[in-house]
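Chemist: Under the working numbering, the letters of the sequence shown match residues 2 to 145, in that order.
Because the hints were derived from the structure by calculation, they are not lab data.
Only a predicted model underlies this, so the values are computations on that prediction, with no experimental measurement involved.
One should not assume that every hint holds.
Now the in silico label distances, taken between C-beta atoms and shown as ranges [as the list claims (entries may be wrong)]:
| # | residue 1 | residue 2 | range |
| --- | --- | --- | --- |
| 1 | 140 | 16 | 27 to 37 Å |
| 2 | 14 | 34 | 21 to 31 Å |
| 3 | 101 | 140 | 30 to 40 Å |
| 4 | 144 | 7 | 16 to 26 Å |
Note that CB positions come from ideal geometry on N, CA and C, so glycine has one too.
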Amino acid sequence: MFELLVRLEDVTFPPGINQLEHSLQVATRARAAGAKPDLVLGALMHDVGRLIAPATHGLASAELLAPFVSPETYWVVRVHDEIMMQFVEPTPGLKTTVGKLAGEPWFPLARIFAEHWDRYGFVPDARPLPLEFFRPFVHDFCRR
Numbered sequence: 002m003f004e005l006l007v008r009l010e011d012v013t014f015p016p017g018i019n020q021l022e023h024s025l026q027v028a029t030r031a032r033a034a035g036a037k038p039d040l041v042l043g044a045l046m047h048d049v050g051r052l053i054a055p056a057t058h059g060l061a062s063a064e065l066l067a068p069f070v071s072p073e074t075y076w077v078v079r080v081h082d083e084i085m086m087q088f089v090e091p092t093p094g095l096k097t098t099v100g101k102l103a104g105e106p107w108f109p110l111a112r113i114f115a116e117h118w119d120r121y122g123f124v125p126d127a128r129p130l131p132l133e134f135f136r137p138f139v140h141d142f143c144r145r
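Put together the whole structure using the sequences plus the hints.
Modeler: Spelled out as structure tokens, the structure:
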């Protein structure tokens with residue numbers, strides 16, 4: 002699992018932040034906010050699905066994490082992109098999709114994830130926790 006995270010360094014989106022840096026920023030924000038450890042793992046790994054299924058990366062990431070995280074974290078990772086896209090690239094029908102998600106019990110947490118952590122994880126020159134900080138954290142979860 003850690004190796005997938007490292008491979009995100011090769012995936013870059015505007016404003017020129019690679020997906021590894023973005024993931025470290027999001028996980029650092031989640032940890033600083035006091036998120037549960039498995040949600041911090043979800044924040045760290047939420048975009049690894051881009052490596053195998055870019056168009057449905059939330060679902061792909063959630064499926065990769067499923068054996069290691071709670072159903073709540075699975076759901077948050079699975080839907081993070083639908084919520085996030087309303088800020089990045091609003092499209093017809095997106096409000097309807099997000100509106101349907103709003104009835105789910107984990108929607109408030111998914112909204113925090115997308116609006117406060119993922120959305121602001123593209124800061125140039127940010128100083129997130131380093132990759133090596135998370136190595137034992139990821140390995141511990143994957144041994145469970």
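Chemist: Take the hints in turn and mark each one as holding or not.
Modeler: Hints, verified against the model:
no., hint, result
1, 140 - 16: 27 to 37 Å, "31 Å, holds"
2, 14 - 34: 21 to 31 Å, "23 Å, holds"
3, 101 - 140: 30 to 40 Å, "37 Å, holds"
4, 144 - 7: 16 to 26 Å, "18 Å, holds"
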